[in-house]
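One-letter residues, chain by chain:
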Amino acid sequence: MGIAVEAEDLRRTYRSRTGWARARRTEVDAVRGISFSIERGELFGLLGPNGAGKTTTIKMLNTLLIPTSGRARVCGYDVVADTREVRRRIGYVFGGDRGLYDRLSGLDNLRYFAELYGVPPREQKRRIGELLDLVRLTGRERERVEGYSRGMRQRLHIARGLLHRPEVLFLDEPSIGVDPVAARELRGAVADLAAAGTTVLLTTHYMAEADELCDRIAVIADGAIQALGTPAELRARAAGRVGTREPTLEDAYVAIVQPS
Amino acid sequence: MSGLRLLTVGGVIAYRALFNWTTPGMFVGTLLVGPLFQLLFFAYLGRQLQVADDRFYIVGNAVLAASLACVFGGTMAVGNERRYGTLGHVLLSPRSRTAIFLGRAVPYAGNGLLIAVTTLTGGALLLGLRVPPGALPGLALALAVGSLSCACFGLALGAVGLRLRDIWVVSNVSVAVLLLFTGVNVPAAALPGWMAAAGRFLPITHAAEAARVLAAGRGIGAALPAIGREVAVGAAYAVLAAALLTVFEAESRRRASLDTL
Chain A
445 MGIAVEAEDL RRTYRSRTGW ARARRTEVDA VRGISFSIER GELFGLLGPN
495 GAGKTTTIKM LNTLLIPTSG RARVCGYDVV ADTREVRRRI GYVFGGDRGL
545 YDRLSGLDNL RYFAELYGVP PREQKRRIGE LLDLVRLTGR ERERVEGYSR
595 GMRQRLHIAR GLLHRPEVLF LDEPSIGVDP VAARELRGAV ADLAAAGTTV
645 LLTTHYMAEA DELCDRIAVI ADGAIQALGT PAELRARAAG RVGTREPTLE
695 DAYVAIVQPS
Chain B
190 MSGLRLLTVG GVIAYRALFN WTTPGMFVGT LLVGPLFQLL FFAYLGRQLQ
240 VADDRFYIVG NAVLAASLAC VFGGTMAVGN ERRYGTLGHV LLSPRSRTAI
290 FLGRAVPYAG NGLLIAVTTL TGGALLLGLR VPPGALPGLA LALAVGSLSC
340 ACFGLALGAV GLRLRDIWVV SNVSVAVLLL FTGVNVPAAA LPGWMAAAGR
390 FLPITHAAEA ARVLAAGRGI GAALPAIGRE VAVGAAYAVL AAALLTVFEA
440 ESRRRASLDT L
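Heads up: the protein sequence lines correspond to chains A and B, in order.
Numbering follows this note's numbering, with no gaps: position 253 of the first sequence is 697.
Numbering follows this note's numbering, with no gaps: position 100 of the second sequence is 289.
Be aware that one or more of the hints could be misleading.
Cβ-Cβ distance ranges computed for the label pairs, FRET-style [unchecked claim]:
(1) B:Leu369 to A:Asp577: 33 to 43 Å
(2) B:Trp357 to A:Arg609: 31 to 41 Å
(3) A:Glu574 to B:Thr211: 36 to 46 Å
(4) B:Thr211 to A:Gly562: 26 to 36 Å
(5) B:Arg194 to A:Ala683: 21 to 31 Å
(6) A:Glu574 to B:Arg194: 17 to 27 Å
(7) B:Leu353 to A:Arg594: 26 to 36 Å
(8) A:Gln568 to B:Ala439: 43 to 53 Å
By construction, these hints were calculated from the structure, which means they are not laboratory data.
Note that the structure is a prediction, hence the values are computed from the model and not measured.
Think of the CB as a built atom: it goes at the ideal place given N, C-alpha and C, for glycine as much as any other residue.
Using the sequences and the accompanying hints, generate a full structural model.
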């Protein structure tokens, strides 16, 4: 199998300065030394409350941020030293309304990012067609993105993330704001990708989604990993806290991030 | 070949994505009609004050007309990534930043050339300026070089716009500075020394000088030195834009200083 993503004692401190005459400096330790590895083809979940360090972790792994200390490798390449090699092998999908060119059509958004992500010109048309089918935007691809619903935008984000057939896909809250039917289809598409061998790192606030999809899950809070295991192993940690019923992943999550 | 494709195809798609004035109303009103009235204003003012003849104003303002599309366009070509929240997705590209961003200047330069030619034609027809037919190819070259140089200047401002939230203030001031410092409406010899000196480091100045030489029928040979200086100014701004983009991207990875997502 092999390792697709490795993080070793990864740390990130944000330093900011406010004011000019009496400058005030603040430091926030967003990620405090986390270590984990993801096998090739594994679907790995990263759960945690807002501000826990999930997005910062992903930004370090996808090369947008340099770790303050520690190291990380993606597909064997160092995220600081081998930036270009890492970028060739990763896709990134970020949940939310922004991140697309509103005045372009969905098709032109994909055409532009196909150029940026190095999809060979001969393959672009076929690849974009495949992805439009995958995310069910065929027939709507020539409409301007400004008229797309949130779910359509989210599906376009996913298509963009897959344009260059990445080996590792980072999905940062991809189902946020998506209706239940679209979210179910999204989960199906993610599961298919993992089944086809794509390594996926997923962050989400939806426990059922993580429970259904993930091979393993890390729960992160205050910038540190609080628990790591399969969904069944995490659920077992909440046994005895919920009376006689079977504990859910949500029970386990609450028990981990809010220990009594 | 694929680098050239990124420059051309990528540049054109980015132009459509990021330039705010592509609707017919905005384009015609802001970029074609506005500069023509500006030309007429300065030409009539020049007649009244007897500072210079019509040719001085028509040719100078035609070259300057490109600046609106090029300065604001160049700024939008980079700065608007922030507006759409797309910067992070662009920075995740493994491809050359020079090809991605400098390619964006080309459509704006083409746009500027179209505007400059339209303004020159309109001004010449309305005010009765006769340009020697043999001067037209040289004039087209001078206008094209001025537009490209100005687009690179705009791109440098756009790069600053990645860090500076209110970059439009800088773009507005820059357009006013070009109006005054480049000698298109006030002869450089009549400007205070420091203004004329600063003008030599701005786009448009040397292209306007070359265009005037050509419109006077003095031939391309007489205009080439000024065209060469305009090329040098444009190249300097292109290098500055590339350097700023490189520095800001590297700094953003270290300090999270850009709105990448």
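Is the distance from the Cβ of Thr211 (chain B) to the Cβ of Gly562 (chain A) consistent with 26 to 36 Å? holds, 27 Å
Honestly, do Trp357 (chain B) and Arg609 (chain A) meet the 31 to 41 Å range at C-beta? holds, 39 Å
Supplied distance hint 21 to 31 Å, evaluated on CB atoms of Arg194 (chain B) and Ala683 (chain A): The hinted range 21 to 31 Å is violated for Arg194 (chain B) and Ala683 (chain A), with Cβ atoms some 58 Å apart.
CB-CB spacing for Arg594 (chain A) and Leu353 (chain B) relative to the 26 to 36 Å hint: Since the Cβ atoms of Leu353 (chain B) and Arg594 (chain A) sit about 31 Å apart, the hinted range of 26 to 36 Å holds.
Do the beta carbons of Glu574 (chain A) and Arg194 (chain B) sit within 17 to 27 Å of each other? For Glu574 (chain A) and Arg194 (chain B) the Cβ distance comes to about 21 Å; the hint holds.
Distance restraint evaluation - Glu574 (chain A), Thr211 (chain B), Cβ atoms, bounds 36 to 46 Å: violated, 30 Å
Given a hinted range of 43 to 53 Å, is it respected by the beta-carbon distance of Gln568 (chain A) and Ala439 (chain B)? violated, 30 Å
In this structure, is the beta-carbon distance linking Leu369 (chain B) and Asp577 (chain A) contained in 33 to 43 Å? violated, 56 Å
Checked against the numbered hints given earlier, the structure breaks hints 1, 3, 5 and 8 and satisfies all the rest.
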